[in-house]
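Those protein sequence lines, which keep their order, are chains A and B.
Each residue of the first sequence is one higher than the last, beginning at 1 in UniProt numbering.
Each residue of the second sequence is one higher than the last, beginning at 1 in UniProt numbering.
Just to be clear, a hint being listed does not mean it is correct.
Said to hold, decoys possible - Computed Cβ-Cβ distance ranges for the label pairs, DEER-style:
| no. | chain 1 | residue 1 | chain 2 | residue 2 | range |
| --- | --- | --- | --- | --- | --- |
| 1 | A | Asn179 | B | Ile66 | 30 to 40 Å |
| 2 | A | Pro265 | B | Ser133 | 14 to 24 Å |
| 3 | B | Gln198 | A | Pro290 | 23 to 33 Å |
| 4 | B | Trp183 | A | Glu75 | 39 to 49 Å |
| 5 | B | Thr132 | A | Glu363 | 44 to 54 Å |
| 6 | A | Glu49 | B | Leu118 | 28 to 38 Å |
What the hints contain is simulated information worked out from the structure, not anything from laboratory work.
Heads up, the beta-carbon is just placed ideally off N, CA and C, and yes, glycines get one too.
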Amino acid sequence: MKKGILLSLLALSLLAGCSGETKNANSNSGGQGDGSVVELTFWRPQASEVEDNVYVKRIEEFNQANKGKIHVKMEVITRGNSFAYEDKINAAVASHTLPDVLAMDGPNIANYAASEIIIPLDEYFSKEDLDDFVPSILQQGSYQGKFYAPGLNESSVVLFYNKKIMAEHGITPPDKIENAWTWDEWYDVMKKTSKDGVFGTNMINDKGEWMTYAFEQLWISGGTDIVNKEGTTAEGFVNSPQGVEAAEFLQKLANEKLFNIDPKPTEFEEGKAATKLGGPWNIPGFKNYPDLEWGITYFPKKAGGTQTAPSGSWAVGVSVDTKHPKEAAEVIKWITNKDSSTQLAQAISMPASRKSAFESLTEYNELPLRIIKEQVTGVSHARPVTPAYPVLTQKFAEALTDIMVGADVKKSLDNVASTYDEEYKRNFAE
Amino acid sequence: MMQTAMNAHKREHISTFSRQKRRETLVGYSFVTPAVLLLIFFLVLPFLLAVAFGFTKFNLLRPDKIHFTGLDNYKLLFTDGLFYKSLWNTLYFTVIVVPVQSGVALMLALLVNNSLKLRNVFRIAYFSPVVTSMTVIAILWISLYNPNEGLINSALHFFGISNQPFLRSSSQAMNSIIFMSVWQAAGYQMMIFLAGLQGISKDIYEASSIDGANKLQQLRYITIPSLYNVTVFVLTITTIQAVKLFVQPYIMTNGGPENSTRTLALLIYQQGFQFRNAGYASAISVIFFLIVVLISFSMKKFLRDK
Chain A
1 MKKGILLSLL ALSLLAGCSG ETKNANSNSG GQGDGSVVEL TFWRPQASEV
51 EDNVYVKRIE EFNQANKGKI HVKMEVITRG NSFAYEDKIN AAVASHTLPD
101 VLAMDGPNIA NYAASEIIIP LDEYFSKEDL DDFVPSILQQ GSYQGKFYAP
151 GLNESSVVLF YNKKIMAEHG ITPPDKIENA WTWDEWYDVM KKTSKDGVFG
201 TNMINDKGEW MTYAFEQLWI SGGTDIVNKE GTTAEGFVNS PQGVEAAEFL
251 QKLANEKLFN IDPKPTEFEE GKAATKLGGP WNIPGFKNYP DLEWGITYFP
301 KKAGGTQTAP SGSWAVGVSV DTKHPKEAAE VIKWITNKDS STQLAQAISM
351 PASRKSAFES LTEYNELPLR IIKEQVTGVS HARPVTPAYP VLTQKFAEAL
401 TDIMVGADVK KSLDNVASTY DEEYKRNFAE
Chain B
1 MMQTAMNAHK REHISTFSRQ KRRETLVGYS FVTPAVLLLI FFLVLPFLLA
51 VAFGFTKFNL LRPDKIHFTG LDNYKLLFTD GLFYKSLWNT LYFTVIVVPV
101 QSGVALMLAL LVNNSLKLRN VFRIAYFSPV VTSMTVIAIL WISLYNPNEG
151 LINSALHFFG ISNQPFLRSS SQAMNSIIFM SVWQAAGYQM MIFLAGLQGI
201 SKDIYEASSI DGANKLQQLR YITIPSLYNV TVFVLTITTI QAVKLFVQPY
251 IMTNGGPENS TRTLALLIYQ QGFQFRNAGY ASAISVIFFL IVVLISFSMK
301 KFLRDK
């Protein structure tokens with residue numbers, strides 16, 4: 001009997017222990033610490049080692065510079081798959097245990113802002129300071145006229161090409177933005193180079209976020225978008241005539257087998273694809289393929305349409321649970337200032353989020369990286385700013401995948417429009 | 001005097017007995033307490049919460065703004081084409097997988113139960129997919145099913161059959177997932193059948209062969225009837241596993257193409273965690289639960305009445 005009581009006591013204390021722990025975490029996150037030092041926590045997902053090291057170094061320097069006033073504790077959260085980090089945020093929202101400062105993926109900013117889990121930062125940034133960010137960072141970081149979260153760096157999608165294959169067919173890819181290939185010119189290149197187990201292009205990185213990130217630009221190039229500017233409706237946008245034309249273009253490439261819908265990630269590197277839609281993150285990996293001679297050209301545009309390119313990155317914001325918004329904003333300003341932006345860009349070969357950072361990144365002044373800089377600072381568009389983004393991106397990606405394997409174009413896009421509109425009306429209208 | 005002594009003795013006996021019994025009951029309860037508490041906290045309570053959330057609008061990111069919406073979620077559910085499509089896909093998968101997988105498992109069990117020389121090799125070969133993580137297997141099969149250079153297409157090519165799209169076709173995707181699922185899981189049921197087969201006494205077979213029964217007759221009149229209870233068990237667990245189909249479509253097709261592999265479990269995950277509509281996802285879960293209960297009960301009734 002004693003044993004039984006002991007056991008049940010143990011079980012009870014275990015359960016009590018669980019709830020006790022969450023309470024502790026709660027008081028930590030908003031904790032005052034002792035004395036006047038403000039203790040802050042900062043969550044971000046685990047990245048590559050070089051990237052992680054930059055943040056560790058910058059936070060250490062911040063703590064040094066603010067000794068006796070602010071101390072930041074950075075918690076690196078394993079990402080596992082792309083939603084593990086978001087799931088942790090969801091859980092923290094429910095239990096009010098959000099950190100003071102948190103990193104988030106660009107398109108989630110509007111969703112978090114609309115759900116009131118992050119606060120606007122306008123009062124903490126000067127006009128000049130904000131203007132130093134590249135336009136797409138301001139676009140992805142703003143919701144309903146307020147600025148919520150600056151990006152840590154930028155990103156872009158370019159068209160890589162295999163120099164040997166281009167030379168074989170006498171093709172010279174453009175190196176001036178006004179000569180950027182149109183879809184039809186790109187199609188001709190694919191048509192010429194696609195034979196003997198070589199695909200004309202490689203453009204499927206994954207069938208999730210990539211689909212929205214990369215291919216929304218075809219809609220933008222055609223003068224429309226996948227939702228309206230306010231983000232309140234997709235009807236007449238994603239399924240507009242220009243949208244249908246863009247999707248039909250993708251379907252044509254798929255029908256003629258000009259790209260592989262289930263490619264090996266290194267198809268281009270191995271010389272099995274003549275071109276590749278990819279980003280700066282691909283460049284470090286090219287080193288492992290000494291036979292590969294690669295070049296960069298612009299994201300193709302619609303004939304007579306807008307020159308554009310994807311953009312977007314991870315950003316940092318201040319949570320509503322913080323007791324020290326002013327100090328938390330200091331951390332954000334530090335981690336996204338010119339020095340941080342430059343160091344990060346150098347470490348991970350992604351374009352910087354600040355115009356001033358490009359001054360010291362001289363490699364971006366010449367080919368091939370010049371093309372990335374021109375796109376990032378000149379023509380890029382961020383993904384739609386809407387609180388219903390999770391539904392939009394999921395449904396849009398599903399529709400594009402279906403279209404690439406032969407589904408009816410208009411029907412698939414109509415389905416995206418109606419699902420999105422219903423979702424928006426049900427959860428975000430008013 | 002004697003009577004009193006006897007009574008006293010009896011009384012004492014009774015009281016020791018009842019004290020001991022009470023003691024045992026207490027010990028018993030204290031032993032089950034941790035388990036019951038854990039069950040209440042992690043199974044009963046979440047289930048009741050899911051039922052309650054089913055009547056609310058609940059965005060995962062706005063837990064403070066839950067509000068009661070009555071039967072709205074259920075009204076939406078019964079007009080949602082995707083729900084019916086997912087339900088249909090789930091039932092289709094179950095109806096095909098349960099008999100096929102159990103049948104294959106039985107045949108494999110009969111094979112490895114023989115006194116073949118290599119039977120241990122076979123046993124290991126058929127069982128190894130079961131112990132491998134489904135995630136790993138799903139990723140492996142994505143490349144086997146690759147419409148361009150997948151191994152299966154290369155094999156078909158050898159027989160003069162043109163490339164098949166498999167997971168990229170709305171008419172083939174679900175069947176491709178079924179084929180792979182049967183291959184992966186049949187080894188598990190094989191082991192259960194094997195245990196059943198080894199429990200059948202050899203004497204019966206000997207007696208029947210003296211009576212002149214051939215192998216086929218032995219299978220028909222001895223093996224299969226003797227395996228009745230095992231079969232009921234296998235069918236039940238296979239059904240419950242089948243209706244929960246999630247990992248394969250989640251990894252291999254994400255429910256596509258054209259929702260042809262969207263299952264109820266996948267729909268719940270998508271609504272609840274990706275779209276953060278926890279209220280609506282809870283409503284689907286409740287309906288899903290009722291369907292599973294219905295299937296389990298009718299199976300039990302059907303199999304027992306036989």
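The hints, checked one at a time:
Range check, Asn179 (chain A) to Ile66 (chain B): Cβ separation about 56 Å, and the 30 to 40 Å hint is violated. Evaluation of the 14 to 24 Å hint for Pro265 (chain A) and Ser133 (chain B) yields a pass: the beta carbon distance comes to about 21 Å. For Gln198 (chain B) and Pro290 (chain A), the Cβ-Cβ distance of about 59 Å falls outside the hinted range of 23 to 33 Å, so the restraint is violated. A C-beta distance of roughly 42 Å is found between Trp183 (chain B) and Glu75 (chain A), which places it inside the suggested range of 39 to 49 Å.
Evaluation of the 44 to 54 Å hint for Thr132 (chain B) and Glu363 (chain A) yields a pass: the beta carbon distance comes to about 45 Å. One distance hint, 28 to 38 Å for the beta-carbon pair Glu49 (chain A) and Leu118 (chain B), is violated here, with the actual separation near 48 Å.
Of the numbered hints listed earlier, those contradicted by the structure are 1, 3, 6.
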